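Peer 1: Could you build all of it, start to finish, from the sequences and the hints given here?
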Amino acid sequence: MITFDRVSKRYPGGQQALANLSFSLARGEFAFVTGHSGAGKSTLLKLVLGIEKPSGGKLVVNGNEMGLISSKMLSLHRRQIGTVFQDHQLLNDRSVYDNVALPLEISGLDPREGKRRVRAALDKVGLLSKEKLLPMALSGGEQQRVGIARAVVNTPRIILADEPTGNLDPELSAEIMALFAQFMSVGVSLLVASHDRALIDGLGYRILTLEEGRLSAEANPHSAGGSANEH
Amino acid sequence: MSTKPSATASLKRVSRLAEHRRESARALSRLRSAPAATLITLLVIGIALLLPALLLQLQRAMSAGIVALESEANISVYLDLGVSEIDTKRVSEQLLQLDEVDSLEIITPAQALAQLGETAGLDSEFLASFDSEVSIRSQNEDNNTWFSPKNPLPTTLVVSARASGDETLAEAAERLANQIRGVERVESVTVEGAWLARLQALTQIIRRTAQLLGLLMAVGLLTAIGNTIRLSVEQRRDEIRVSKLIGASDAYIARPFLYSGLFLGVGGGLLAWLLQLVVVGLVGHEIGQFLELYAAEAGSSGAFALSETLQRAGQELGLLLGAGALLGWLAALVASRRAIAACEP
Ligand SMILES: Nc1ncnc2c1ncn2[C@@H]1O[C@H](COP(=O)(O)OP(=O)(O)OP(=O)(O)O)[C@@H](O)[C@H]1O
Ligand SMILES: [Mg+2]
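From first to last, the protein sequence lines stand for chains U and C.
The C-terminal position of the first sequence is numbered 231 in the working numbering, with every residue numbered one higher than the one before it.
The C-terminal position of the second sequence is numbered 1345 in the working numbering, with every residue numbered one higher than the one before it.
Any given hint could turn out to be false.
Claimed, not checked - Within a straight-line C-alpha distance of at most 25 Å, the following computed DMTMM-like cross-link-like pairs (lysine to aspartate or glutamate) qualify:
1) U:53 / U:211
2) U:72 / C:1344
3) U:130 / U:175
4) U:53 / C:1344
5) U:130 / C:1238
6) U:132 / C:1238
7) U:58 / C:1019
8) U:130 / U:142
9) U:115 / C:1019
10) U:130 / C:1239
11) U:130 / U:113
12) U:115 / C:1239
13) U:72 / C:1238
14) U:53 / C:1238
15) U:53 / C:1250
16) U:72 / C:1239
17) U:130 / U:163
18) U:72 / C:1316
19) U:53 / C:1239
20) U:72 / C:1019
21) U:72 / C:1023
22) U:72 / C:1250
23) U:132 / C:1239
24) U:132 / C:1019
25) U:53 / U:87
26) U:115 / C:1023
27) U:132 / C:1023
28) U:72 / U:52
Since the hints were derived computationally from the structure, they do not count as laboratory data.
Being a predicted model, the structure only gives us computed values, none of them experimental.
Peer 2: Set out below in structure tokens:
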């Protein structure tokens, strides 16, 4: 589903964010990306989503070569990816419900059909009672969960999450991870950036560790679930 | 659970119509959320469309009048002073033989004087003195003809020309006039067309001005609407950025803005039409009178009925709405495409 082949990313400022990165993620596979702050976790996810272009190597996501993708294909590409952003990226002038419904609206889904899905997604993150509120009226953790609901509502092929549990307590974090795992079991590939080692070590999924833009360690799962590894 | 990928198979798409309804509703609410900018833009569009529309209407009214006048190209044939009644008859019969002469009317000096009196408002006793057979004698009897206030007006034949072939009436009249100049007892010939030609030239100028003004206004409108749309896009930069991250295409994001442009254009066109009705209501009477003056000179009346133009109001409305819609949509297309492309995540 996602193949990094000696990918590097250098920002215009001269900052080398990723260097010679190679790994691949299969369909239905769940992997964490971890590492210190500034190690390149967000950059890696941005490359997958096409917000940034690789400056070297080859990155293929869902059949699209990201270095060459046209802007027309790019929007189509993003519609198949659910993303939880590190800084939420919610629309502050739209209700929680409308924020979660946005991907469905963009995909042109019938609103009546959409209603059921939005409700279900909000229910999963425990925010059904706050659907009418504006994001500003929510706590940081609640906003984060709105972002999670929006990422999963359109049943994407890939879910990217950048520190999705950064503002959540351990209990809620575990619930979110369980939600993600449900998607993995139906063939969705997940790439989750997190530096919460305590949380991710206990789950037993594949862990990619970045250090100054390089893959420094890779822990493979002992348990089932991520066994569809392609290498 | 409903958010599982298996649900993708039963994905029910919203109808295009519902989608457009939603987007146009969104466009309207965006316009309403910035009432000042919307109103100013509407006024600018309305006035910009009004000016060329008014000029075109004036030109059309004048052209209609000119066509009506052209069907009566008259030639005034002045006979020698003191020509006898018999000679007058002979000359008019001679002229009626000509193919180009449609009709002919004799105006005797007495009739001419009466007409002059009517238009100049001279009192009848004063006029009568010109016509009296008895001369007022001065002390110097030899010089009495000097002071004889005899009618100074010549006998006039008013000849209507008839065009043949693809010759215009004005041309036919000019040719006929030259022919008549050679006739015996004819003192001078005048074609009553000079002022008509002037009016025609004026009409042309008005039309050219309207066209040029229309072109300039179109450019101005594109800029004004484009600017409003650009500002509206920039106000929603965050929303657009997030939508792009989630997979909205530029074309999708642009659609409500295209509706905004369309609505502004149509609204401005409607405003221009209403303003036009007001202006025609206020000065239409004066314009009509001005044109009637010309009409009176040619002896035809009601040729410039402005009400006839008002009957075309529906047509004018369609034209203004169409022009507004096209310009609004075009401006929004160009402006939003650029501004949206500039909102990069
Ligand atoms: N837009 C940018 N322009 C220039 N340099 C950037 C840009 N974004 C990130 N960088 C740099 O690239 C490196 C990797 O950044 P990145 O955001 O990927 O780190 P991260 O692992 O997500 O960190 P954190 O855990 O703090 O979120 C950093 O050194 C950062 O300064
Ligand atoms: Mg980061």
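Peer 1: Decide, hint by hint, whether the structure agrees.
Peer 2: Hint check results:
1. U:53 / U:211: OK: residue 53 of chain U and residue 211 of chain U at ~20 Å, within 25 Å.
2. U:72 / C:1344: holds (14 Å)
3. U:130 / U:175: The hint holds at about 18 Å.
4. U:53 / C:1344: At roughly 13 Å apart (the allowed maximum being 25 Å), residue 1344 of chain C and residue 53 of chain U satisfy the hint.
5. U:130 / C:1238: Roughly 23 Å separates the two Cα atoms, so the pair holds.
6. U:132 / C:1238: Cα-Cα ~21 Å, so holds.
7. U:58 / C:1019: Between residue 58 of chain U and residue 1019 of chain C the Cα gap is close to 38 Å, so the pair fails against 25 Å, i.e. violated.
8. U:130 / U:142: At roughly 9 Å apart (the allowed maximum being 25 Å), residue 142 of chain U and residue 130 of chain U satisfy the hint.
9. U:115 / C:1019: The hint holds at about 16 Å.
10. U:130 / C:1239: holds (21 Å)
11. U:130 / U:113: holds (20 Å)
12. U:115 / C:1239: holds (21 Å)
13. U:72 / C:1238: holds (20 Å)
14. U:53 / C:1238: holds (21 Å)
15. U:53 / C:1250: holds (19 Å)
16. U:72 / C:1239: Given pair residue 72 of chain U, residue 1239 of chain C holds - Cα atoms ~19 Å apart, limit 25 Å.
17. U:130 / U:163: Roughly 23 Å separates the two Cα atoms, so the pair holds.
18. U:72 / C:1316: Given pair residue 72 of chain U, residue 1316 of chain C is violated - Cα atoms ~41 Å apart, limit 25 Å.
19. U:53 / C:1239: Since the Cα atoms of residue 53 of chain U and residue 1239 of chain C sit roughly 23 Å apart, the hinted pair holds (cutoff 25 Å).
20. U:72 / C:1019: With Cα atoms ~20 Å apart, residue 72 of chain U and residue 1019 of chain C stay inside 25 Å; holds.
21. U:72 / C:1023: Holds: residue 72 of chain U and residue 1023 of chain C sit about 21 Å apart, inside 25 Å.
22. U:72 / C:1250: holds (8 Å)
23. U:132 / C:1239: With Cα atoms ~18 Å apart, residue 132 of chain U and residue 1239 of chain C stay inside 25 Å; holds.
24. U:132 / C:1019: Holds, at roughly 22 Å.
25. U:53 / U:87: holds (20 Å)
26. U:115 / C:1023: holds (18 Å)
27. U:132 / C:1023: holds (21 Å)
28. U:72 / U:52: holds (16 Å)
The structure fails hints 7, 18 (numbered hints given earlier, in ascending order).
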